[in-house]
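*Asks:* Sequence:
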Amino acid sequence: MQVKNILIDVMRMVGRPDAAEECEGDGQLSGETERMQRALLLCLNAVTDELARGYFPLKDVQSLSSQSGEYSYSSFEHTPYRIVRVTSDGKKVRWSAEPLSLVCDSKSVEVEYEYVPDALGLSDEFSYPDSSVGVALVSYGVAAEYMLIAGEVESAEMWESKYRSEIDRQLSLSPVRGRVPPRRWL
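Every position in the sequence shown, counted from 1, becomes a number in this note's numbering once 1385 is added.
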């Protein structure tokens, strides 16, 4: 599903069918609708980031080489936020995380890391690498974030409750991952 269509659905969810219809049309968007669409897009990217960091981690393993033993994070295929393991020839390697790079004493390494998904644009197709994360889950999170930004606290709490319930449901269906998700305060 295209990101723009997800945002249109969220507009309807939060009680703004007028903005949704305006976005579906071919005409120029009003300033208010354009701001809402931009805010919803930021919310969507924040929600996917939160899901990746806290609940449904995305992992990748990548082979890298460097003559200096310094591996810039920009050379990784994805944006890493946590290095899980660094090996060279199947053996663990001592490493340190610097602000812009990973440093170790090996010229060729295999890095296992957790990453955050790339920011999405309106015309992008939504897909999350973990199949547990669907459009409904993300939509609930986006609605909760947007309503909080808009100052509608009661509505934000209602959408947040749906969002957290769906996260809990999806986590209960998946095998134990060896890590406890972040604690939520009531």
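For the record, the hints were derived by calculation from the structure and aren't laboratory data. Do not take every clue at face value.
[To be verified] With a straight-line cut-off of 20 Å between C-alpha atoms, the simulated DMTMM-like cross-links for lysine to aspartate or glutamate are:
id, residue 1, residue 2
1, Lys1477, Glu1510
2, Lys1492, Glu1462
3, Lys1444, Glu1406
4, Lys1547, Asp1403
5, Lys1477, Asp1490
6, Lys1444, Glu1495
7, Lys1492, Asp1509
8, Lys1389, Glu1417
9, Lys1389, Glu1409
10, Lys1547, Glu1462
11, Lys1547, Asp1394
12, Lys1477, Asp1445
13, Lys1444, Asp1503
14, Lys1444, Asp1434
15, Lys1476, Glu1495
16, Lys1477, Glu1499
17, Lys1389, Asp1403
18, Lys1389, Glu1406
19, Lys1547, Glu1537
20, Lys1492, Asp1474
21, Lys1492, Glu1455
22, Lys1389, Glu1455
23, Lys1389, Glu1407
24, Lys1476, Glu1497
25, Lys1389, Glu1499
26, Lys1389, Asp1509
27, Lys1477, Glu1497
28, Lys1476, Asp1490
29, Lys1444, Asp1515
30, Lys1444, Glu1499
31, Lys1389, Glu1510
32, Lys1476, Glu1510
33, Lys1389, Glu1419
34, Lys1444, Glu1462
35, Lys1477, Asp1503
36, Lys1476, Asp1509
*Asks:* To test your reading of the hints: which numbers does this structure violate?
*Replies:* Going through the list in order, the structure violates hints 1, 3, 4, 7, 10, 22, 25, 32, 35, 36 and respects the others.
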